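Peer 1: Kindly generate the complete structure, drawing on both the sequences and the hints.
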Amino acid sequence: MALSVIRRTTLVGVTVLALASACTGTEPGSPSPTGDVPPASGAPTSAVPTSGAGDAPAVSDPRDASATTACEALTAAQVGELALNAGSRRELTLPRPFAQGCAWTSPDSAWSVGFGFASEGLGTLYRARDNFQHFEPRDLDGRPAVDAQTVYNAEDCYTYVGLADDQTLYVNVDNSPALADTPLPPACERLDTIAKMIIGNLPPLK
Amino acid sequence: MAGIIHGVEGIWDAAVSAVTRVVERVQYRANQQQQVAEYTQASGERFRIEPADVPQVIADLRSALDKVRDIRTQAQAIAFTPAPGSDEVSRNAVRQIGQMAMGSEGSLKAALDAYEIEIVKTINKLEADLRAYLRTEELNVPPASVWP
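First to last, the sequence lines map onto chains X and Y. In this text, residue positions in the first sequence follow the numbering used here: the first is 88, and each later residue adds one. In this text, residue positions in the second sequence follow the numbering used here: the first is 250, and each later residue adds one.
No wet-lab data here; the hints were simulated from the structure. It is possible that part of the hints are untrue.
To be verified - What the simulated footprint calls covered on chain X by chain Y, stretch by stretch (three residues with Cβ under 8 Å from a Cβ of chain Y suffice, anywhere in the stretch; the number is not a length): (1) 168-181; (2) 186-193; (3) 196-205; (4) 211-218; (5) 240-251; (6) 256-270.
Since this is a predicted model, take the numbers as computed values, not measurements. Glycine residues also receive a C-beta, built at the ideal position from the N, C-alpha and C atoms.
Peer 2: Structure representation (structure tokens):
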């Protein structure tokens, strides 16, 4: 007796990715440099010497990223430890003064990380602070850092970390909780872990 | 001093060019999405996807999600660069570009956020549909005891 398996074609409804007029009609107006947004996680920066560039604190224990490409800043073991999809590695073109950046995604796409190195210090960011709605200086493992977003989104974390007075690490973690099988840790918590790994892999500035 | 100003202006020009290129790309994609929306509205806003193709469609959507996040990473990095001057024209240019790229409404970032939401919803819907389909298929397979 022949075994017949009924094959059916299902009609799968797909939400249309319609984004009409996504980038048109910008309204004139001025950005709010402060905004009523909650502060990001992390301890506030205490009074420390400034680097002489704006209000940016000086960096002690400076690190040198000038000879490190972003995609080499995490080891394969660290990528595994972070449970990132090794095959998701992507190089990103970032605007000057950033060099080529790098991005990775988790296997379920529920979160991703992107980062890059700038050849200018946090002083540049402090001079551009009016570009950001959310601008929260903080400490990241003893280093001056700033959580900064042009439009605040609590699901994500965008942080600039001082590597030296003329070098900055830019990291962001984007969370999409709807794709996660288990609750995701806060984006800034994960970001801090990754930033510490990256900085730990960089040689001291000579 | 003039050299410094010239250097900063060069950085700013590069940032503006980068924003413009990204906005043009997103605008192009938005136009394409608009066309897709128009086409699919005529068919009841539903695509017909063969079940065997669903895993690949999900993989493609995950790849698209990566691209959306990457563009947001790139766009956010542009804000790192301050205005080249402290005059009102420079500050106003910064405000205009900032609103266009990363403002809360009608901006590149708003478009990217909307893309992300829709892509995530679509992935979840497809995965749920695929799970339901596979369960149904399993029920349709006769038990091994009746196989010839």
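Peer 1: With reference to the structure, classify each hint as holding or not holding.
Peer 2: Quick rundown of the hints versus the structure:
{"no.": "1", "hint": "168-181", "result": "holds (count 5)"}
{"no.": "2", "hint": "186-193", "result": "holds (count 3)"}
{"no.": "3", "hint": "196-205", "result": "holds (count 5)"}
{"no.": "4", "hint": "211-218", "result": "holds (count 6)"}
{"no.": "5", "hint": "240-251", "result": "holds (count 3)"}
{"no.": "6", "hint": "256-270", "result": "holds (count 6)"}
Taken one by one, the earlier hints all hold for this structure without exception.
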